[in-house]
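Asks: These protein sequence lines map, in sequence, to chains B, V, G and S. Here our numbering = 1-based position in the first sequence + 585. Here our numbering = 1-based position in the second sequence + 1. Here our numbering = 1-based position in the third sequence + 1. Here our numbering = 1-based position in the fourth sequence + 3.
These are calculated hints, taken from the structure and not from any lab test. Do not rely on the hints blindly, as some may be mistaken.
[Said to hold, decoys possible] Across the chosen pairs, the derived CB separations fall in these ranges:
(1) B:S698 with V:K319: 49 to 59 angstroms
(2) G:D336 with V:K7: 27 to 37 angstroms
(3) S:P547 with V:N311: 25 to 35 angstroms
(4) V:K319 with S:K462: 38 to 48 angstroms
(5) V:D143 with G:E44: 52 to 62 angstroms
(6) S:V330 with V:P71: 40 to 50 angstroms
[Claimed, not checked] Sample of chain S residues lacking proximity to chain G, with all beta carbon distances greater than 12 angstroms (derived):
(7) Y48
(8) A56
(9) D60
(10) Y96
(11) S297
(12) A318
(13) A374
(14) R526
(15) D539
(16) L549
(17) P672
(18) I674
[Unchecked claim] In silico EDC-like pairs for lysine to aspartate or glutamate, Cα to Cα no more than 16 angstroms straight-line:
(19) V:K102 with S:E405
(20) S:K548 with B:D659
(21) G:K231 with V:D46
(22) G:K231 with V:E67
(23) V:K69 with S:D606
(24) V:K69 with G:E293
(25) G:K206 with V:E213
(26) G:K29 with V:D195
(27) V:K207 with V:D195
(28) V:K319 with B:E708
(29) V:K102 with S:D60
(30) V:K319 with S:E616
Being a predicted model, the structure only gives us computed values, none of them experimental. Cβ coordinates follow ideal geometry from the N, Cα and C atoms, glycine included.
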Amino acid sequence: MAENKDFEPNIVAFLCNWCSYAGADLAGTSRITYPSNVRVIRVMCSGRVNPLFVMNALQQGADGVLISGCHPGDCHYMHGNYYARRRFNLMRNFLEYLGVEPERVRMSWVSASEGAKWKEVIEEVSEGIKKVGPMDQFKRRQLNW
Amino acid sequence: MVDVNKLREKAREVISREDVRELIGYRPGTYGFRARPAFVMGPDDTGELIFTPACVNNLASYIVLEEKLPVKRGEEPDLRKVAVMVKGCDSRALVQQMEEKAYDRDRILVLGIPCRGVVDMAKVQAKYPDVLEMGEIALEGDKFVLSFNGTKEEVPREELVADKCLRCRYPTPLVYDELLDEEVERFADDDFADVAELEKRAADDKWAYWEEKFSRCIRCYSCRNVCPMCYCEDCVLDRLQPQWMRRSVDISENTAYHISRAYHLAGRCIQCGECQRVCPVDIPLMELNRKFYKDVEDLYDYEPGTNVENPPLLSTFKVEDKEDFIM
Amino acid sequence: MALKKLSKEKVGEALAELSKFRLIAPAKSDDVVVFKQISDPAEAYLEYGNSTVPPKKFAFPQTETLFRFVTGSPDLTAKNVEEEGTTVIFGLRPCDARAMAIVDKLFSWDFDDPYYLKRRELTTLVGMACVEPPSVNCFCTSLGGSPFGTEGLDLLLTDMGDYYLVEALTDKGEKLEETLSSQLEDAPADDEKKAKDMAAASEGKIRRSINTEGIPEKLPDLWENGLWKKVSAACLGCGICTFLCPTCHCFDIQDEVEESGEGRRCRMWDSCMFEEYTVHASGHNPRPTRKERTRNRINHKYSYYPAHFDVIACVGCGRCINLCPVNIDILEILDQVVDA
Amino acid sequence: MNGKPRIGVYVCHCGTNIAGTVDVEEVVKFAETLPDVTVARNYSYMCSDPGQALIVDDIEKAGLNRVVVASCSPRMHEPTFRKTLLSGGLNPYFLEMANIREQCSWVHPDPIAATEKAKRLVEAAVVKSRRLEPLDAKEVDVEPSCLIIGAGIAGIQSALDIADAGFKVYLVEKEPSVGGHMIQLDKTFPTLDCSACIMTPKMVDVANHPNIELMTYSQVEEIGGYIGNFDIKVRKKSRFVDIDKCTGCGICAEECRMAGRFPNEFDENMGMRGAIYMPFPQAVPAKYTIDKESCLFLTKGKCGESPKCKDACQAGAVNFDLEDEIVEFKVGTIIVATGYDVFDARLKPEYAYGVYDNVLTALEFERLVNASGPTGGKVTMIERGKKKKKKGAEEEAPKVPESITFIQCVGSRDKSVGNEYCSRVCCMYTAKLAHLVKDKVGHDCEVTVFYMDVRAFGKGFEEFYDRVRREGVKYIRGNPSEIYKKGDKLIVKAEDTLTSTPLEHETDMVVLSVGLVPRRDNREIIDLLKLSQTSDLFYMEAHPKLRPVDTASDGVYLAGVCQGPKDIPDAVAQAKGAASAAMIPMASGKVKVEAQTSFVNEDTCRGCGFCVELCPYTAIELVEVNRMGWPVKVARVNEALCKGCGACAAACLSGSIQQRSFKDWQLLPQIEALGVK
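Next up, chain B with everything else stripped away, as it sits in the complex (with noise of 0.2 angstroms):
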């Protein structure tokens, strides 16, 4: 897909309540601005996430998703990030495997006191999908809507 220099991702990210959403808590506290294209989900941990929810969220309208949790063996509930690193390494191949660039679905550990990495996973998540432009063969809305 052609790059698209107005083009502003709309990515959907599902983080854990106790590393990843607390160093996003601490990228704020510490005042390190990033780009307001990224929109979190709370779960308390990255095991919650269903890798079908990646598919629903570019489904419905978003252009690419992020998972981020714990490092690992540092998991609050011990083993959930090792999980979600084998259901997303599937998808991520999966989707890739139907033609959705693998810049769209990402996935980092950030750590609680990790805001400046948080930052720059976010940047590097952003920059990834505006290189490979918006993906609305698959956005619901724009299909049947």
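Following the hints, complete the assembly by docking chains V, G and S onto the known chain B.
Replies: Frame of chain B, contents of chains V, G and S only:
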């Protein structure tokens, strides 16, 4: 080759047992070269049973498709065994079903059929579109022998054999109580070249490829219903609350359906190929399932339906699982 | 009425002419033949047997928005079918056209369905006679149809080798002939006779049959017969036989509502073979197993429909036999009904 | 649920923290247009008393049944506003927050973009709030008793503390005696207290304490239940000696036909014992045990005419008919204090342990210097595998080593054997043993220590290390590469890395300062309690900094080296910590359990067990239920165990297991609201 008389005799013996309620096998179809599932309830029903390369159906699906009507007051549920004939590929469905605790091993009696390949009925139909009266197919060496209308024709095996059989890893059933024929050693392997080929294409190209296929989907759900691994009491994709996928048939919902279906089979699909076989509009569903299958094997060294003791793929992890895709 | 001919060389031109309407023609999607809207005549694929999916969806879409609304507001915006414009379905088989004629009765029965009927009114059906029966499982002749049947059609084409013989059957058909006046020529005088012979020859090649006499009357008596359990034992409960049936017309109506409150009421195909088809809100299902559902499918086609409309809701296209994954064969079931 | 939603939306200015960037008026106006929003307001500080009063007032007057607060992070004020709802008479779980400060106004300086995002976040909160359901924060009663697994110094300390506080303790020890590794030691560093002298009183205390039920030679077989209500099953292995009758006189052991034929585990296999034995003289309980693997009668069915031990026992305590006994009881809390094993020196073949008799592990050497050890505390050259000489045969006096060499960090800080960690005790016990050599063998005995670093970090450690060096112990920095024999002598090949000099050091005896490793039978406890392990394979604590004695399972605590290497005072400190942690729920008698737990729709569950398999808390089990007359297995959540992570909900194919407040049905609308541009 399975001796049909031996098969019927064995079936008669099995269905006569007190602890066996039903035997699921194959019988000739109604036209052409077809065979179809047979449901044997008593010794007198065994006379029609066959096994030939036309026996394409995976009968393991019927174990989990069974409808459990409410048991009437004062009555007991019939918990006797169901006997089922399975080929190597089909047997993996039983293994996976048991791995998922769908039922206990003692609920089924498995008649295993070592198999060197079944036909792709679509290829047979295309080659012999006019055969109406019952034709027969046998595999002799590397040829299929087709008998119909009083004639016999030999066709090289690779011309009519189902694609899945060309990459079959488990020709002999992995679970059985009795084998109906000599064991067949592994004669093929799967390199997933088809998947690798498609992986290499550009993103737009891939999307266009799948869009064409998914746009044909009429959402008849035959792929789901025939699947031996799709046996939820109530499929999430049918549900209205929450509604993962709308009923509208359009490219967006169709794509969502196919992503969901394939993902739900990740680490579970046993490659019997039934979904693709039954699809009336030729959506290459196995290309979806096989992508997951390949990744699951490459990334997690896991092959579904090979060992009842295996933990479910997505309920386990290794600390060292690959994570180079994570930021 | 004088017969015309359309030279095969001019088919492209004719289709180009027709594409000023919404032009629906058989086309290949990979190796599957489906009817779809075409804009380029080259997309049309006329050398086909029969389409996998019947063209019924162009009268009765699989998903159709009836109206749009906003939750809490009394205002509705109804769909205007008129906007779809004049439609030409080019090259459909006589059985599928006859099926539309049969289904028309339902949609204009106790209530005139404005969406369906408007669309039918706007649609001209250009049939393509079956010079050869497309499938070994064709049995249209048992149901009063024919490979050269004209019921429901506005125009019939017959492949004469180098050209198509064109017969206008209705006013709509004549109008279409006028549209194509620069592509049509007068047909040779003996073509009418030739076509009749071809029809007889094609009918003679139809090998499957059922004597339907008495079946509609007999079916109600077989309600509790053991045959239903047997014939449905292998059924997977999928929608192939019904969705691919040119006369099946069941639908469900659902609201698709966004969180914002915007919504649309849609009508979409439903299948009596689906488990949830008859599930009540209470959870009770009066057709709890595939047995009841299979029984309903046969009864609906061969008993209820003739009781209401005097015609069996089956045209013998053979799709349900050809495509059933487990070889459930309606003719075998009907044989058992006859024998029961 | 709770009638048609009537939602109140409250947009907080947070002074200028939010309102300085986000146009709160516009957000309120937008919120008013959303379905089911009854009131929408903005206020300078929602968390202030008047701010909260606004909500309470609206709940009463406007009949709100859902509240959305758009303000700071829910991690900050969710508890505050939950209480507000409660005081307004609304279930606290009818609250949803939109984080428009930390994740909006503070990070997006552009007012237009920030306002736009705030609207989306508010909409997502509103759509979710429509589907919120009331939840109960349940409480469970706590059984005032504790199971302690392992009776080494850590287990003993925890047991005594808890028992002294008045709670019942079940102390289970696998070996015939309590005491663990500490009782094997001679002296303790750096104070040189006699280990047995400070340990045995505690051992006796646990045996006699009225609140402690001591079960030695016993193993925990099953643990079910959850905090407050664990169901425990313990197997008391048969000693074939009735311990109520046994007086510990020891005549049986003297009479045993197999006396002195088997290596004594307590002496690190350097001393010998018979089939009936007491591991060491100060054992608690001071009772004898027949090892059924080595007893003639129990293995062969025959022991001469009749078993001599039985004949000799005047108390009639020997009873070959005794069987294992299973005891079951309930406890409220569990402390795991299972200790460690020492590193298997054979995994470092270059040190020739097991090849040369006089290459010893430090624990073996510990027994050698111990007065109750196999040589009575004399450090002599040893000859392994030597059978006990016949009575009366003349013993040749064993030779005393003239030089002893210690090698530190054997199996610690060593990636080649998979142990990256420092075992924390080896530097100091090496110094202690070096001192003991000088003390017991004499100053002429040359003592050399090869080390990588000396880590003398604890109280009195550096002073002790300094003292030992002044006593003439020679420290050479370098990690030996090989040990081989040359004549009677052992040669330690190394490089002095401080001078870069290769050297071949001649010595009589080598002592390997082996590290501490997780117990080789660690798995047993992991399986029982589903404990996690850190990468070093020791048990994992709930948080490495703030919850060092807790585990991820409520009511289960860790004490001692099973959680990671530590010395005696650290183990005791942690044991006391675990004891007090365990006493908190026991003292309060009740624990609150998570409300946002998972639950199963048993009508649609297909019983595949995916959720059971992955639940880190064993909170889910498969149970058989009757579904319209058919027996079917379905998953069931024990809500007292569930911590509300929701991983099960993401694994369930049929959507039958859902997490309260995070159901698919509640999250999908959020996705939809955020997906719209």
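Asks: All hints are to be evaluated individually against the structure, with a verdict given for each.
Replies: Hint-by-hint comparison with the structure:
1. Between S698 of chain B and K319 of chain V, the C-beta spacing of about 26 angstroms breaks the proposed range 49 to 59 angstroms.
2. Judged by the Cβ atoms, the range 27 to 37 angstroms given for D336 of chain G and K7 of chain V holds: they are separated by roughly 31 angstroms.
3. The hinted range of 25 to 35 angstroms is satisfied by P547 of chain S and N311 of chain V, whose Cβ atoms lie roughly 33 angstroms apart.
4. Taking 38 to 48 angstroms as the suggested C-beta distance range, the pair K319 of chain V and K462 of chain S conforms, at roughly 41 angstroms.
5. Between D143 of chain V and E44 of chain G the C-beta distance comes to about 41 angstroms, which lies outside the given range of 52 to 62 angstroms.
6. A beta carbon spacing of about 44 angstroms between V330 of chain S and P71 of chain V agrees with the range 40 to 50 angstroms that was offered as a hint.
7. Residue placement check: Y48 of chain S keeps its beta carbon more than 12 angstroms from all beta carbons of chain G (closest about 30 angstroms).
8. With 12 angstroms as the threshold on Cβ separation, the claim that A56 of chain S sits away from chain G holds: the shortest Cβ distance comes to roughly 31 angstroms.
9. For D60 of chain S, the shortest C-beta to C-beta distance to chain G comes to about 26 angstroms, beyond the 12 angstroms cut-off, and the non-interface label holds.
10. A cut-off of 12 angstroms between C-beta atoms confirms that Y96 of chain S is not in contact with chain G; the least separation is 20 angstroms.
11. Listed as a non-interface residue, S297 of chain S keeps its Cβ farther than 12 angstroms from every Cβ of chain G; the least gap is roughly 65 angstroms.
12. The beta carbon of A318 of chain S sits about 71 angstroms from the closest Cβ of chain G, which is more than 12 angstroms, so the claim that it is off the interface holds.
13. With 12 angstroms as the threshold on Cβ separation, the claim that A374 of chain S sits away from chain G holds: the shortest Cβ distance comes to roughly 79 angstroms.
14. Against the 12 angstroms criterion, R526 of chain S stays outside the reach of chain G, whose nearest CB is about 45 angstroms from its own CB.
15. With a closest Cβ-Cβ approach of about 49 angstroms to chain G, D539 of chain S is found to remain outside the 12 angstroms limit, as its non-interface label requires.
16. No Cβ of chain G comes within 12 angstroms of the Cβ of L549 of chain S; the nearest lies about 40 angstroms off, and the non-interface call holds.
17. A cut-off of 12 angstroms between C-beta atoms contradicts the statement that P672 of chain S is not in contact with chain G; the least separation is 5 angstroms.
18. Its beta-carbon lying about 10 angstroms from the closest one in chain G, I674 of chain S breaks the requirement of being farther than 12 angstroms from that chain.
19. The hinted pair formed by K102 of chain V and E405 of chain S fails the criterion: a straight-line CA distance of about 67 angstroms is larger than 16 angstroms.
20. Between K548 of chain S and D659 of chain B the CA atoms are separated by roughly 12 angstroms; this keeps the pair inside 16 angstroms, and the hint holds.
21. The hinted pair formed by K231 of chain G and D46 of chain V meets the criterion: a straight-line CA distance of about 12 angstroms does not exceed 16 angstroms.
22. A hinted pair counts as satisfied when its Cα atoms are at most 16 angstroms apart, and K231 of chain G with E67 of chain V qualifies at roughly 14 angstroms.
23. Between the alpha carbons of K69 of chain V and D606 of chain S the distance comes to roughly 13 angstroms, so the proposed pair stays at or under 16 angstroms and holds.
24. Using a Cα cut-off of 16 angstroms, the hinted pair K69 of chain V and E293 of chain G holds, with the two alpha carbons roughly 14 angstroms apart.
25. Proposed proximity of K206 of chain G and E213 of chain V is contradicted: the alpha carbons are some 35 angstroms apart, above 16 angstroms.
26. For the given pair, K29 of chain G sits about 23 angstroms from D195 of chain V by alpha-carbon distance, which is inconsistent with the 16 angstroms threshold.
27. Between K207 of chain V and D195 of chain V the alpha-carbon distance is near 13 angstroms, which keeps this suggested pair within the 16 angstroms criterion.
28. The hinted pair formed by K319 of chain V and E708 of chain B fails the criterion: a straight-line CA distance of about 30 angstroms is larger than 16 angstroms.
29. Between K102 of chain V and D60 of chain S the CA atoms are separated by roughly 53 angstroms; this puts the pair beyond 16 angstroms, and the hint is violated.
30. Taking the CA atoms of K319 of chain V and E616 of chain S, the gap is near 14 angstroms; set against the 16 angstroms cutoff, the hint holds.
In summary, the structure is inconsistent with hints 1, 5, 17, 18, 19, 25, 26, 28, 29 from the numbered list given earlier, while agreeing with the others.
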